[in-house]
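S.K.: Each chain is listed here by its residues.
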Amino acid sequence: MAVQALSTAAAANNPLTKATAQPLAGGTTLIDLMKLDVMRPAAIVDINSLARGWSAIEPASDGLRLGALAKMSNVAAHADIQRNYPVIADSLRLAASAQLRNMATLGGNVMQRTRCSYFRDISYENCNKRNPGSGCAAMDGVNRMHAVLGTSDQCIATYPGDFAQALIALDAAVEITGKAGTRSMPFAQLHKAPGSTPDIETALQPGELISAFSVPGRWPRSVYLKARDRQSYEFALSSAAVALDVQDGTIRDARVALGGVATVPWRAREAEALLKGQKFDDGLAQRVADAAFADAKGRQHNSFKIALGKRVVAHALQQAVTMEI
Amino acid sequence: MTAAAPEPKANMGQPVPRYDAAAKVTGRATYASDMPLDNPAYAFLVTSAIAKGRIDSFDLDDARSVRGVIDIVTHENAPKLKESKLFSNGGYAGTTIQPLKSVDIAHDGQIIAVVIAESYEAAREAANRVKVSYTAVAPSASFDSPGTTAAAAKGQNAQFKEDAEVGDFARAFDAAEVKLTASYDTPAQHHNPMELFTTSCAWMGDNLVIYEGSQYVYGLKNGVAEQLGIDADKVRVVNPYVGGGFGSRGSMTPRTAIIAGIAKRLNRPIKLVPTRDQGFTIATYRAETRHEIRLGAGRDGRLVALRHDGAEVSSRPDAYCVGGTKTTTRLYACPNVASLVSIVRADRNTPGFMRSPPEVPYLFALESAMDELAVKLNMDPVELRRINDTNVEPIGGKPYTSRSLMACFDEAAKAFGWSQRSPQPKSVSDGDWLIGYGCAATCYPTQMAPSAARVRLQRDGRTRVEIAGHEIGTGAYTVIAQTAAERLGVPLEKVAVFVGDSDLPPAPVAGGSNSTASTCSAVMMVCDQIRQRLFKAVMPSDSLADKAKETVGISQAPSTQAAKSDRPLDIEKAFDALGVGIVEEYGEWKPEGAPLDSFMAMHSGHARLVGGHQMKDKIAYAFGAEFVEVRVNRFTHEIRAPRLVGAFAAGRIMNPRTARSQLMGGLIWGMSSALLEATEIDQRNARYVNDNLADYLVPVNADVPGVEVILLSEQDDHINPAGVKGLGELANVGTNAAICNAIYHATGQRIRKLPVRLENIEA
Numbered sequence: 362m363a364v365q366a367l368s369t370a371a372a373a374n375n376p377l378t379k380a381t382a383q384p385l386a387g388g389t390t391l392i393d394l395m396k397l398d399v400m401r402p403a404a405i406v407d408i409n410s411l412a413r414g415w416s417a418i419e420p421a422s423d424g425l426r427l428g429a430l431a432k433m434s435n436v437a438a439h440a441d442i443q444r445n446y447p448v449i450a451d452s453l454r455l456a457a458s459a460q461l462r463n464m465a466t467l468g469g470n471v472m473q474r475t476r477c478s479y480f481r482d483i484s485y486e487n488c489n490k491r492n493p494g495s496g497c498a499a500m501d502g503v504n505r506m507h508a509v510l511g512t513s514d515q516c517i518a519t520y521p522g523d524f525a526q527a528l529i530a531l532d533a534a535v536e537i538t539g540k541a542g543t544r545s546m547p548f549a550q551l552h553k554a555p556g557s558t559p560d561i562e563t564a565l566q567p568g569e570l571i572s573a574f575s576v577p578g579r580w581p582r583s584v585y586l587k588a589r590d591r592q593s594y595e596f597a598l599s600s601a602a603v604a605l606d607v608q609d610g611t612i613r614d615a616r617v618a619l620g621g622v623a624t625v626p627w628r629a630r631e632a633e634a635l636l637k638g639q640k641f642d643d644g645l646a647q648r649v650a651d652a653a654f655a656d657a658k659g660r661q662h663n664s665f666k667i668a669l670g671k672r673v674v675a676h677a678l679q680q681a682v683t684m685e686i
Numbered sequence: 021m022t023a024a025a026p027e028p029k030a031n032m033g034q035p036v037p038r039y040d041a042a043a044k045v046t047g048r049a050t051y052a053s054d055m056p057l058d059n060p061a062y063a064f065l066v067t068s069a070i071a072k073g074r075i076d077s078f079d080l081d082d083a084r085s086v087r088g089v090i091d092i093v094t095h096e097n098a099p100k101l102k103e104s105k106l107f108s109n110g111g112y113a114g115t116t117i118q119p120l121k122s123v124d125i126a127h128d129g130q131i132i133a134v135v136i137a138e139s140y141e142a143a144r145e146a147a148n149r150v151k152v153s154y155t156a157v158a159p160s161a162s163f164d165s166p167g168t169t170a171a172a173a174k175g176q177n178a179q180f181k182e183d184a185e186v187g188d189f190a191r192a193f194d195a196a197e198v199k200l201t202a203s204y205d206t207p208a209q210h211h212n213p214m215e216l217f218t219t220s221c222a223w224m225g226d227n228l229v230i231y232e233g234s235q236y237v238y239g240l241k242n243g244v245a246e247q248l249g250i251d252a253d254k255v256r257v258v259n260p261y262v263g264g265g266f267g268s269r270g271s272m273t274p275r276t277a278i279i280a281g282i283a284k285r286l287n288r289p290i291k292l293v294p295t296r297d298q299g300f301t302i303a304t305y306r307a308e309t310r311h312e313i314r315l316g317a318g319r320d321g322r323l324v325a326l327r328h329d330g331a332e333v334s335s336r337p338d339a340y341c342v343g344g345t346k347t348t349t350r351l352y353a354c355p356n357v358a359s360l361v362s363i364v365r366a367d368r369n370t371p372g373f374m375r376s377p378p379e380v381p382y383l384f385a386l387e388s389a390m391d392e393l394a395v396k397l398n399m400d401p402v403e404l405r406r407i408n409d410t411n412v413e414p415i416g417g418k419p420y421t422s423r424s425l426m427a428c429f430d431e432a433a434k435a436f437g438w439s440q441r442s443p444q445p446k447s448v449s450d451g452d453w454l455i456g457y458g459c460a461a462t463c464y465p466t467q468m469a470p471s472a473a474r475v476r477l478q479r480d481g482r483t484r485v486e487i488a489g490h491e492i493g494t495g496a497y498t499v500i501a502q503t504a505a506e507r508l509g510v511p512l513e514k515v516a517v518f519v520g521d522s523d524l525p526p527a528p529v530a531g532g533s534n535s536t537a538s539t540c541s542a543v544m545m546v547c548d549q550i551r552q553r554l555f556k557a558v559m560p561s562d563s564l565a566d567k568a569k570e571t572v573g574i575s576q577a578p579s580t581q582a583a584k585s586d587r588p589l590d591i592e593k594a595f596d597a598l599g600v601g602i603v604e605e606y607g608e609w610k611p612e613g614a615p616l617d618s619f620m621a622m623h624s625g626h627a628r629l630v631g632g633h634q635m636k637d638k639i640a641y642a643f644g645a646e647f648v649e650v651r652v653n654r655f656t657h658e659i660r661a662p663r664l665v666g667a668f669a670a671g672r673i674m675n676p677r678t679a680r681s682q683l684m685g686g687l688i689w690g691m692s693s694a695l696l697e698a699t700e701i702d703q704r705n706a707r708y709v710n711d712n713l714a715d716y717l718v719p720v721n722a723d724v725p726g727v728e729v730i731l732l733s734e735q736d737d738h739i740n741p742a743g744v745k746g747l748g749e750l751a752n753v754g755t756n757a758a759i760c761n762a763i764y765h766a767t768g769q770r771i772r773k774l775p776v777r778l779e780n781i782e783a
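Residue numbers (my numbering), protein chains in the order written: chain A, 362 to 686; chain B, 21 to 783.
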């Protein structure tokens, strides 16, 4: 297998346009999955040479632009982001380990694939994500870590990341570069819920790379709350990205996104609607949390995530309301 | 002194730095897979995707087409190996399930093929391309699966000798003023030592060298020789460093003889590095257990009746069990005791030793039950232990050689601030966190086994100690060097220690926390043999002999008396008197009560451990007490244990630095066994699901911000010449109960099943 370096994503001879080629940035997901024989790219295209142009951290008065090859650790440590986008800083800081955050890029992070044990074990034939139409071993297997929102009868694999919840909550846009040039789309459209095609995970076409993320506005009143089995270096059982605009005690705008519980980065819009124009109290937090999980479906081992997720949302809202900015 | 090197108290050695510290932190320490081989081929295992059934066929075309593939070995063309009996039945093996023998599959992840190639990558690629057709049969996964069989352990496992019993439990329990009946569960767990279950096998003519992380080089050498049908003298096992064992490398696994057999046929060294997930099924593990405890007590807290029934999972062919009732029936004074251990057979790989095999699950049950009883009695749990403390074990009426249990409770309680605790559950909180405090006792049997050693001394004090012990990370090099330096009166830096090689004089398995007691006793004895020779050279005259008599008694020859005394020796003078360049001695030491065949068994790779409750007229255990602070988040129900405090007494502490490190690791592991570690089993197919270190959780630094180890001074002259009780397996016992007791205190909820996870905490 060949490893090639990519000098420009817009080149006509971009080797990534072959569907069997895979881009390599930090490598923290790809190398793992290749060792497990889950991913078998025919070619690896090293895109780190693009880092010079694609790793800028650019805060502005009307928003934030983040290069896709910026390292998680650098973004999490950036003073402007900690001040004006704590939900982004914390979602990055609470992910993975320090070593991984030093290697992993933002673009690679949002593309991280599910941790479903059955997806990652090729000795299981039945995985609709790996082998379309083969069934789902997780549905009635050990599914404590699996999703309760956005599932289908084909797949219940959880989207594992943290940062994506912050992006989707803040109405981020994703900038995508391919040989046809650069296009932009709402981040919320990047990931595809499994439906009947769990093998199709994103809207990226062959040859396309995420080049940047942009976040409109500033969200100093925002939090990322993550519940997990151990104190560090562990995926969320349930997480909430919450951003509020509160003026004189009234919530003018509210964003709620959920992690660890859904098949894709999950925006809880019905829950947000309940918050707008309201004054915060515990009763409201409870109604918002209930709304966020109204459509949740638990299975044998993961039903607890519904009650847990509601408490996490309510507590994150309370933290956001009371935080000093 | 720093925290890492505690000030020695009475009967403790110096906290000298680890003998191998620089080699380890600079990466110069050579582990088995680091050993250079001449033109090796690489092996990669293919393991079964079903737990029960048969292989119908292999399709190897695709795999064979990978460039660099040399051979693919299946049951159809595997080297013929002789069977090896289970270690508990006089053999060497940790399982009698011998793969590559037939089409039959007995458990998930059984080795079904070995790919040999010119590179690791080619072997792996080809292994991924091996296609297998199976006929699968529905397996029994665990306790509640259909198709399991259960029977009493006694009679099927030669090492489980008795269901301890005394008095009349039934009558006493009926009549007890206060009664408790409770059931407890512990999960399957895997050791996951950092070093994978590798092996490298290289033949030189008819001689085989095996580089493999092992906790018992003599057992592995003899076991592999038996399987290959060759003389054990033709086999040498080498591992100067072992990257963690925790019991997983105590008995032979099937992989070694298979690789050795293929290497012989190929006439090339072979290096096998299995994957992390393969380690879950090609070696052993701690099986899940279930317990029912019944305690009867008077209102004053005195136990009048105790019954402990335990059930353990094992494989279909092998009756492995840990049988921890031998300890739980003897820990507290109680006149009426009963117990029963049973084994439930399922379609699983054979379990085996894992750090404190009996005590971790069985004391979880007993020490949780003691806490529940304390609540029922409205009594401080420390005081309940004090009331039932005893110097005589209740089953056989034998005295403990020494027992500092309550001293440990008192020291640890003081350091922890236990007296400030309000017994009321849910009475303490800090912001979002409910806080609870809990405690439990720990104990571990003092065990010894026969060991040999060779020591060579030069005139300038340079000393070489040879003993086939094992550096599994515990500090074996260090304490052996300290022993020789102290006994011979030479500077520590002049002592060179050689372990981890079956060409050296035999030492026992590094298991059951017997290593320090056994190896140091042997090294002491052989150093005294050297001293005796030297004293003989310099003490010919009667006047010196008389002086020796005065100091050490008159039963032995003067030079022997002097050798065994603390009398200093002028080495240079003695060498000059002897007129030799080197003095070298070999000796074989065995503990009191060791069976007659001990030394023969030692050479053939059978360690005859004695100690614990099996001593003739006494019982020997190390003790400790552990206190924990648990925090439960009132919103997320996340459970954390930010403070672990343990006090331990284990006879002579050879080196407070390495001892503390062992005990600290134990406390952390104990917490982990309560809150994090569990091997998930898919009940449909009896397969392990979280078979990797991302999903099988072990603690990270952020989980253990506060760990405090207190070493108590204790002297015990009734166990072994070194006065050492062993402490490697002491600290991870009871921690699980202390955690659950603290969770009860924090939340009012009693949790009897491990691991405790946030979904087990009710709103």
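One should not assume that every hint holds.
[Said to hold, decoys possible] Pairwise CB distance ranges (calculated):
id: 1; chain 1: B; residue 1: G47; chain 2: A; residue 2: G494; range: 44 to 50 Å
id: 2; chain 1: B; residue 1: Q444; chain 2: A; residue 2: A655; range: 55 to 61 Å
id: 3; chain 1: B; residue 1: R770; chain 2: A; residue 2: T611; range: 41 to 47 Å
id: 4; chain 1: B; residue 1: A722; chain 2: A; residue 2: M546; range: 51 to 57 Å
id: 5; chain 1: B; residue 1: D76; chain 2: A; residue 2: A417; range: 54 to 60 Å
id: 6; chain 1: B; residue 1: R479; chain 2: A; residue 2: S593; range: 53 to 59 Å
id: 7; chain 1: A; residue 1: G644; chain 2: B; residue 2: S442; range: 30 to 36 Å
id: 8; chain 1: A; residue 1: S422; chain 2: B; residue 2: G437; range: 36 to 42 Å
id: 9; chain 1: B; residue 1: D251; chain 2: A; residue 2: S593; range: 37 to 43 Å
id: 10; chain 1: B; residue 1: E182; chain 2: A; residue 2: G494; range: 53 to 59 Å
id: 11; chain 1: A; residue 1: G644; chain 2: B; residue 2: M426; range: 38 to 44 Å
id: 12; chain 1: A; residue 1: Q460; chain 2: B; residue 2: R48; range: 20 to 26 Å
[Said to hold, decoys possible] Covered stretches of chain A, as calculated for chain B (at least 3 residues, CB under 8 Å):
id: 13; segment: 380-390
id: 14; segment: 668-677
It is worth saying that the hints were derived from the structure and are not from the lab.
Keep in mind the model is a prediction, meaning the values are calculated, not measured.
Beta carbons are placed, not taken as given, at the ideal position from N, Cα and C, and that holds for glycine.
S.K.: Against this structure, judge whether each hint is valid.
M.R.: Okay, the hints, checked on the actual structure:
The hint said 44 to 50 Å for the Cβ distance between B/G47 and A/G494, and at roughly 48 Å that hint holds. Checked against the hint of 55 to 61 Å, the pair B/Q444 and A/A655 fails, with Cβ atoms roughly 39 Å apart. Checking the proposed 41 to 47 Å range against B/R770 and A/T611 shows it holds: the Cβ atoms sit about 45 Å from each other. The beta-carbon spacing between B/A722 and A/M546, approximately 37 Å, falls outside the hinted interval of 51 to 57 Å.
A hinted range of 54 to 60 Å for the beta carbons of B/D76 and A/A417 is consistent with their spacing of about 58 Å. Range check, B/R479 to A/S593: Cβ separation about 55 Å, and the 53 to 59 Å hint holds. Between A/G644 and B/S442 the C-beta distance comes to about 33 Å, which sits within the given range of 30 to 36 Å. Remark: the range hint 36 to 42 Å for A/S422 to B/G437 is contradicted by a beta-carbon distance near 52 Å.
Our hint of 37 to 43 Å for B/D251 and A/S593 is violated, since their Cβ atoms are close to 52 Å apart. For B/E182 and A/G494, the hinted distance range of 53 to 59 Å is satisfied, since their beta carbons lie about 58 Å from each other. In this structure the hint that A/G644 and B/M426 lie 38 to 44 Å apart at CB is violated, the actual value being about 52 Å. Checked against the hint of 20 to 26 Å, the pair A/Q460 and B/R48 passes, with Cβ atoms roughly 23 Å apart.
Residue count for the segment 380-390 of chain A with a Cβ under 8 Å from a Cβ of chain B: 0. That is fewer than the three needed, and the coverage hint is violated. Judged by the Cβ-Cβ criterion of 8 Å, the segment 668-677 of chain A is covered by chain B as claimed, because 6 of its residues qualify and three suffice.
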